[in-house]
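> If you're matching positions, the sequence shown starts at 9 in this note's numbering and goes up one per residue.
Quick caveat, the hints were computed from the structure, so don't treat them as lab data.
Certain hints may be false.
[Claimed, not checked] Only pairs whose alpha carbons sit at most 25 Å apart, straight line, appear in this in silico DMTMM-like list of lysine to aspartate or glutamate:
1) Lys96 x Asp78
2) Lys96 x Glu57
3) Lys45 x Asp35
4) Lys60 x Asp78
5) Lys45 x Asp24
6) Lys45 x Asp25
7) Lys60 x Glu18
8) Lys45 x Glu57
9) Lys10 x Asp24
10) Lys60 x Asp12
11) Lys45 x Asp12
12) Lys60 x Glu14
13) Lys60 x Asp95
14) Lys10 x Asp46
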Amino acid sequence: AKYDAENLQEYNQQADDPLPPIVVAVDEAAALLNVHKDIGGALRQHAWELRKFGVYQILRLTSAKGTVIDTPHRQQFASKVQLHANDKNQARLLL
9 AKYDAENLQE YNQQADDPLP PIVVAVDEAA ALLNVHKDIG GALRQHAWEL RKFGVYQILR
69 LTSAKGTVID TPHRQQFASK VQLHANDKNQ ARLLL
């Protein structure tokens, strides 16, 4: 509030002590998104709302399926990397 900034970049331009971006890396994200619905919901909200404040997500999954990461959540990621696709459906999901 002191700097009246809308995002991390604006804050860092005005602040005496700039803040670095924060990266949240989640391994085995499929289990969290599907089994632990409360954590999965928090990750979804986090992807949508916190990026402008310099908080970013990295999700690692063993298998990428449309049922694991829903489309609105998946669209929040600027970059997607897949090392191997087991079938055409997984490859299409990434694209």
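> Would you mind marking each hint as holding or not holding in the structure?
Right, here's what the structure says about each hint:
no., hint, verdict
1, Lys96 x Asp78, "holds, 18 Å"
2, Lys96 x Glu57, "violated, 32 Å"
3, Lys45 x Asp35, "holds, 16 Å"
4, Lys60 x Asp78, "holds, 21 Å"
5, Lys45 x Asp24, "violated, 39 Å"
6, Lys45 x Asp25, "violated, 37 Å"
7, Lys60 x Glu18, "holds, 10 Å"
8, Lys45 x Glu57, "holds, 18 Å"
9, Lys10 x Asp24, "holds, 11 Å"
10, Lys60 x Asp12, "holds, 14 Å"
11, Lys45 x Asp12, "violated, 35 Å"
12, Lys60 x Glu14, "holds, 8 Å"
13, Lys60 x Asp95, "violated, 35 Å"
14, Lys10 x Asp46, "violated, 33 Å"
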